[in-house]
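Visitor: Chains as they are written, first to last, in our numbering: chain A, 1 to 108; chain B, 1001 to 1115.
Hints in this document: simulated from the structure, not taken from any laboratory. From a predicted model like this one, the values you see are computed outputs, not experimental measurements. A virtual CB, placed ideally from N, CA and C, is assigned to each residue, including glycine.
If you only want the chain B side, here are some residues facing chain A, beta carbon under 10 Å, derived:
id, residue
1, TYR1031
2, ARG1044
3, PHE1090
The calculated EDC-like cross-link candidates involving lysine to aspartate or glutamate, where the alpha carbons are at most 20 Å apart (straight line), are:
id, chain 1, residue 1, chain 2, residue 2
4, B, LYS1009, B, ASP1026
5, A, LYS81, A, GLU9
6, B, LYS1070, B, GLU1052
7, B, LYS1009, B, ASP1038
8, B, LYS1070, B, GLU1030
9, B, LYS1057, A, ASP94
10, B, LYS1057, B, ASP1038
11, B, LYS1071, A, ASP94
12, B, LYS1057, A, ASP92
13, B, LYS1009, A, ASP39
14, B, LYS1071, B, ASP1026
15, B, LYS1070, A, ASP94
16, B, LYS1014, B, GLU1079
17, B, LYS1014, B, ASP1062
18, B, LYS1071, B, GLU1052
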Amino acid sequence: GQSLEQPSEVTAVEGAIVQINCTYQTSGFYGLSWYQQHDGGAPTFLSYNALDGLEETGRFSSFLSRSDSYGYLLLQELQMKDSASYFCAVRDRDKLSFGAGTTVTVRA
Amino acid sequence: NAGVTQTPKFRVLKTGQSMTLLCAQDMNHEYMYWYRQDPGMGLRLIHYSVGEGTTAKGEVPDGYNVSRLKKQNFLLGLESAAPSQTSVYFCASRPQSPPGANVLTFGAGSRLTVL
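Work out the full structure: start from the sequences and follow the hints.
Guide: Structure below.
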């Protein structure tokens, strides 16, 4: 089976940097990905890592350490529109399993 | 390009009634998934399909059935709805091969209430 752990809530001010950690257990590993979901909306893909290291996509970066079964999503230059839930997801060959999500609240 | 389309968007059922949720994708994706989302519990996988004519159970399959007769469609059925099935249901799809294999495209969701 698969399991993922991530913090439930994070609060930060506009312009700050937030790091959301994710630890996982899986029987087979094909990648760790991150999704954003605004209230009432559908999850949308942000970033993924299949290999160790940092992937940068604009203000968002994602990091993976397969030996530690650990990854994180880094949100830089926080904006009010970044207030949302963020989910990490791990893929075995066929299935993607999600963490419970981290609610990020950005304050002015 | 519509992506993933779910119907209906909202439905209210009485306990014991049956219904089917339809998911259609126009991206020629091999893999399709049904998740349910409840407050504080993230997305839990109900059933999935790795291709036309195939289905498999996820982590919470009880009370649901699925079919994938055509590559573009993935149906989720509730034979006898229960209040515990009140949830938001999301369909998602992805291609088989990298780099898109880790990228799920989600539908807008179907909000189901069972009274």
